[in-house]
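Protein chains: 2
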Amino acid sequence: MEISGKIKEVREISSNWKKQGLSVALVPTMGYLHAGHISLIEKARKENDKVIVSIFVNPIQFGPNEDYEKYPRDMDHDAEACKNAGADLIFAPEPNEMYPSANLAHVNIDQLGDGLCGARRPGHFSGVCTVITKLFNIVSPDRAYFGQKDAQQLAIIKKMTGDLNFTTEIVPCRIVREADGLAMSSRNMYLSPEERSAAVILSKSLAMAKQMMEDKESDPERIKEAVINKIESEPLARIDYVEIVDAETLKQTEHINTPVLTAIAVYIGRTRLIDNFTFKGE
Amino acid sequence: MEISGKIKEVREISSNWKKQGLSVALVPTMGYLHAGHISLIEKARKENDKVIVSIFVNPIQFGPNEDYEKYPRDMDHDAEACKNAGADLIFAPEPNEMYPSANLAHVNIDQLGDGLCGARRPGHFSGVCTVITKLFNIVSPDRAYFGQKDAQQLAIIKKMTGDLNFTTEIVPCRIVREADGLAMSSRNMYLSPEERSAAVILSKSLAMAKQMMEDKESDPERIKEAVINKIESEPLARIDYVEIVDAETLKQTEHINTPVLTAIAVYIGRTRLIDNFTFKGE
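From first to last, the protein sequence lines stand for chains A and B. Reminder that position 278 of the first sequence reads as 380 in the numbering used here, one-by-one numbering, no gaps. Reminder that position 91 of the second sequence reads as 193 in the numbering used here, one-by-one numbering, no gaps.
Chain A on its own, in the form it takes in the complex (with noise of 0.2 Å):
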């Protein structure tokens, strides 16, 4: 496995993979990996010829108040952990590599990114997707994997992938959990041994939202009240917000009867948290 952070290098890395004929795979990621993003770079390593993980904190999609500082970084272990998974290269560019002048350019989104993250992180979504579409420019990947425990990421990566024209294949993956359900997530790390404990109220929630919407709830109302409910009996839990939106298009929903997501980001003392899923209906 090679590590590079040039653009150059990897540009020439990739190119020539695909002139061999090779498909080329990309797992972008922020680094500190953990068993969901491991999970990625297998289900990419089945799939294609090559796998090239990119490790990046991207500075552009934090917000002035964020955690872009503190944001938990580990090479030595990403790279061991890449390693084991199969994968070939790993891209990981200084912020000066990616930005070396100010950028100027930004990739936006309309509407699908209006409404839960995009609302609580303003240029969240403006960020994810100019790194993206630079990280895709500098790849040319067929396939790049993505979690969907960022389901509002997921969904404006696809609609992005589709406006612009790009040819790779988004392949979402699904979300991996601990063994008491909580959604893997490198600022997972940042909860103490109280709040780790506290943190399983969001997958506990969803998956009473899910219990109602199987018994034939079809009010999205009562089960928004009855999560809401359950994260506040958590005493450490402040909800940021507890959403149900219809899958693809992200807006409000005022009756189940097509593919729901329902989304919910939780403080859990100061660390925000956030899980999902999409219920399908029959």
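No wet-lab data here; the hints were simulated from the structure. Note that the structure is predicted; figures quoted are calculated from it, not measured. Do not take every clue at face value.
Note that identical chains are pooled: a pair holds if it fits in a single copy or bridges any two copies.
To be verified - 25 Å max Cα-Cα, derived DSS-like pairs, lysine-lysine:
{"no.": "1", "residue 1": "Lys121", "residue 2": "Lys110"}
{"no.": "2", "residue 1": "Lys110", "residue 2": "Lys185"}
{"no.": "3", "residue 1": "Lys185", "residue 2": "Lys108"}
{"no.": "4", "residue 1": "Lys312", "residue 2": "Lys353"}
{"no.": "5", "residue 1": "Lys312", "residue 2": "Lys251"}
{"no.": "6", "residue 1": "Lys120", "residue 2": "Lys185"}
{"no.": "7", "residue 1": "Lys110", "residue 2": "Lys120"}
{"no.": "8", "residue 1": "Lys318", "residue 2": "Lys353"}
{"no.": "9", "residue 1": "Lys251", "residue 2": "Lys306"}
{"no.": "10", "residue 1": "Lys148", "residue 2": "Lys260"}
{"no.": "11", "residue 1": "Lys185", "residue 2": "Lys251"}
Please build the complex by placing chain B on the supplied structure of chain A, with the hints as guidance.
Positioned in the frame of chain A, the structure of chain B alone reads:
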């Protein structure tokens, strides 16, 4: 020469050329080709193995009160002109091929799009950047050819291409003029014979500004004033803007000592025309 309106087909043709090791040029146009466009195609012809001309009146770069509907179109003439200039392929998609559903992803540019035409045409450069991104993703050109008449567009596309890590080289091409100095433009066809005579005021006023700079006038305000007076001496002319800016940043300049762009937009009757020149100093 082939003509196709289908993204998939054009992508395949271009991709096959590139697999054979041939260099591919893109000349993006809105059709109604004049000698200015032809000069781009001929330059592309000399410098590349294959030349693709796109002909697409891009709806999203027109404002609601602009001339999208009446913008001139003449595919038969354009096909003949492309063939004579040595193009290998025309890509002429219908609007619903380029925008099959609501286009939610947009490419925007900060700063460079704020002044000049960008200030008068909100959303225009976002529409341009978005369609150029789409065309680059469809054709993957080695080089793309743009006229210097659209100086702000050229500066923006250069910056966008770098910021988003496209590999396409942006090739600027000189303004082609009528015998009396009027810059070639598809919009010149809107002019009545009387307006056509009056329109020479654009190039004349710029020639005067250039002479002032060569005569060491270094105060942009004095030059702007002279240009404004000159244009206002023409009864059919109405100034939209007269600006002297840094040629790279497009920011106002207070002293002429770096390459500066003098750019003007002038209504002749109801037709808005633009022209410009770049003064590099000594």
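Status of the hints after comparison with the structure:
no.: 1; hint: Lys121 x Lys110; verdict: both (16 Å within a copy, 20 Å between copies)
no.: 2; hint: Lys110 x Lys185; verdict: within (22 Å within a copy, 36 Å between copies)
no.: 3; hint: Lys185 x Lys108; verdict: within (19 Å within a copy, 42 Å between copies)
no.: 4; hint: Lys312 x Lys353; verdict: within (19 Å within a copy, 55 Å between copies)
no.: 5; hint: Lys312 x Lys251; verdict: within (16 Å within a copy, 59 Å between copies)
no.: 6; hint: Lys120 x Lys185; verdict: within (21 Å within a copy, 33 Å between copies)
no.: 7; hint: Lys110 x Lys120; verdict: both (15 Å within a copy, 19 Å between copies)
no.: 8; hint: Lys318 x Lys353; verdict: within (21 Å within a copy, 60 Å between copies)
no.: 9; hint: Lys251 x Lys306; verdict: within (15 Å within a copy, 61 Å between copies)
no.: 10; hint: Lys148 x Lys260; verdict: within (21 Å within a copy, 39 Å between copies)
no.: 11; hint: Lys185 x Lys251; verdict: within (24 Å within a copy, 52 Å between copies)
Going through the hint list in order, the structure satisfies each hint without exception.
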